[in-house]
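Spelled out from the first residue to the last, the chains are:
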Amino acid sequence: MDALDWALLVARVVAVFAALLVAVMLTIWFERKVIADFQTRTGPLRAGPRGILITLADGIKLFFKEGILPAMVDRPVYLIAPVIAMLPAFLAFAVVPFGTSVTLFGREVPFQVADLNVGILWILAMTSMGVYAVVLAGWASGSNYPLLGAVRSSAQMISYEVGMGLAIVAVLTYSGELSMTGVIEAQSRVWNVIPQFPAFVVFLIGGLAETNRPPFDLAEAESELVAGFHTEYSGIRFAMFFLGEYLNTVTVAAVATTLFLGGWRGPWFDGFAPWLGPLLWFVVKVVAVLYVFVLIRATLPRMRYDRLMNFGWKVLIPFGLVWVLLTGAVVVLPQEIGRRGVLLAGAAVLGLVLLASFVAPLVQRRREVAS
Amino acid sequence: MADLDAARDGMAGLRDARTGELRQETMVINMGPQHPSTHGVLRLLLELDGETIISCRPVIGYLHTGIEKNTEYRTWMQGVTYVTRADYLSPFFNELGYCLAVERLLGIEAPERAQVIRVLVNELNRISSHLVWLATGGMELGAVSVMLYGFRERELILDVFEAITGLRMNHAYIRIGGVIMDLPEDGAEQLRELLRVLPGRIDEYEDLLSANPIWLERNVGVAPLPAERCLELGVTGPILRAAGVAADLRKDEPYCGYETYEFDVPVRTEADAYARYLVRIEEMRQSLRIVEQALERLEDLPGPVMVADPKVAWPPRLSVGPDGIGNDPAYLRHIMEESMEALIHHFKMVTQGVEVPPGEVYQAVESPRGELGFYVVSDGGHRPYRVKIRDPSFVNLQATPDMIQGQLVADAIAAIASLDPVMGGVDR
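The listed protein sequences correspond, in order, to chains A and B. Residues 1 to 371, numbered by the numbering used here, are exactly what the first sequence covers, in order. Residues 1 to 428, numbered by the numbering used here, are exactly what the second sequence covers, in order.
Since the hints were derived computationally from the structure, they do not count as laboratory data. Be a bit skeptical, because a hint or two may be false.
[What the hints assert, rightly or not] Here are the simulated SDA-like pairs of lysine to any residue, each with C-alpha atoms no more than 25 Å apart in a straight line: (1) 314(A) <-> 220(B); (2) 314(A) <-> 49(B); (3) 33(A) <-> 201(B).
[Claimed, not checked] Here are some, though not all, of the chain B residues that point toward chain A, as calculated from beta-carbon distances under 8 Å: (4) 145; (5) 152; (6) 156; (7) 218.
Just so it is clear, CB atoms sit at the ideal spot from N, CA and C, and this is done for glycine as well.
Input sequences plus hints: build the corresponding full structure.
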């Protein structure tokens, strides 16, 4: 690597960093506008055209606000927690390919900060780091509500990570790739969302829970725990939590796009700015996923903590496991016993299920008559 | 002495019986008085083991405004303006209960048209109050859209209230001997429009919530309070009706001619938060039925809206001017320029007011939250000797520990929401 390569790399990092900040800004505005629409309100209007700069205004306000340091806090931990919330959220995005590539100064520049060969593991690792921020913030605040929020949220995030991980395992098994670019490559014929639809649903549910979004926003349920783990935070430190949370949301939407919706794939004109089309398609898909998130937030009440855990461990994870098993069977069996064998076995299983469904009512009826 | 101190800091139950130290294995949190979902300024002292509530003691008094005591220093008529502020979500019920009590002491009855108007505004008020319950309850369980929808419809009702009384809250519209002024000219029209819109909107809430799995999960079986316990605690209103007791003062001890209206009293037997939700939704529909009937009656029911007795009737006349409802210019001219006697009468009535014969009376009305009773004592003067308000929020609130002990923090929120307390009424 020479100096130009390094310069291009740094430029890429800076560009992605800036783009993410803008994306978060627009996501928050988008969410507020869409929800306002649902609730027959206008939403933000004043800052910029149609209120598009509202997040910037909020950010500036928070930046200049006094950062209150409560007396009971564990100072170093309290100060470092918001940074931990924000950093991994930025880092996670590093492996997401948001386009193809462009040729600059005779070099091929990919639209991705780093194409790790274990890309998806990197994302799982980074989103897991977010739990530390929540736990540390809750503990270091030295106050009851944040503690409760932190306990809730760490349990929730760890549980749903398992579900989300299972969905990812299914996709990886299906496409046989670990790097994000490879997964997109594997979707050249059909997007994963079609063969892997159950995994998509599991991933979205897990993603909502992982990012503490409604209906899984128990960690910061304002009607129960005031503001949950960041109750004692104010000013710029609170803004960091907020930023981290929305970064995570954008990342989850981007990962969902990459894993299930074909990433940057989409029809485009031949010859005209070949790098622009994929970029646009990627953005459109991410916004579509975000829209679903907002839709869910506008419609559903909040789950209760114990039911949430029940749902995670008793429904989502078993379902994910069965789906991984099925995907594995579909991928591996044809290699082992041949296509014909698989079809025969499938037909046999289907026949057995049909037979059982005929026999079961007869047995049932007899039991009813007997009683 | 230690016992006294312990009792005084409100934490007696949280101390170890032997050492007097605060118990360490559990966590005590103060929910309120500044908390987003304690309906104003209710304070709950919760002792938690993890997320499970071990003990709960509600603490009240943060909104005490001395309404009851204040009425003792004002004329009988001024009492209306005080009591209407107690339970601020159902002002008409406070006014009605107070006025009915004073009217019974006076031995008079409001004219027929006034009675019908009273029923009409009361039932509309029941709907608007239930809408606030739905809105805030929905928000507390995280259904934020429901909050906006509830307040949107309440706004329509408040607009009509404003057209009728000049104010959106604390109307002081129902007065001793009738109501202060008749409906505006386009009043019936506005009410018809409301009746056309509201049923569809209520169906919408049901579409959004009634079968919503998360809503069911948060409400079914939550905050149970069986009928026997309700009766022991004196709990009334939708909570009692959701426990299978069809107690409704409009049927049991009718006032304002409620016995002549056709409506059902919705009853459920599950005694949980969801049953209360269903009861309240159905009550809104029944109230609409009553409003419809009242509106029909008003069509061919001319007549005064205030008793004729000049020793009781409030002398000033009101009318709608360019800046809203205010003193009628013609009346002002009459007392200021034309008739000295009218001015003297006006002065006497406004400063001194009605003279109520000695006696005591208890009059209860069915407010959106249950039995709203007024125990009024007169010593024969121009002021009440005592006005005691039996506010249903206050009585119902004491069921909180029963409902939430042993349940989760999240259920405490659902329980309070299903109780629908209004702290203005609790503290008075």
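Structure-based check of each hint:
Taking the CA atoms of residue 314(A) and residue 220(B), the gap is about 20 Å. The hint holds against a cut of 25 Å. At roughly 24 Å between alpha-carbon atoms, residue 314(A) and residue 49(B) fall within 25 Å of each other, so this suggested pair holds. Proximity of residue 33(A) to residue 201(B) is assessed by CA-CA distance (about 23 Å); at most 25 Å being required, the pair is judged to hold. At a threshold of 8 Å, the smallest CB-CB gap from residue 145(B) to chain A is about 5 Å, leaving the interface hint in force.
Here the hint on residue 152(B) is kept, as its CB sits about 6 Å from the closest CB of chain A, short of 8 Å. The restraint placing residue 156(B) at the interface with chain A is violated, with a minimum CB-CB distance near 12 Å, outside the 8 Å limit. With a least beta-carbon distance of about 6 Å to chain A, the hint placing residue 218(B) at the interface is held under the 8 Å criterion.
Of the hints listed earlier, the one the structure fails to meet is number 6.
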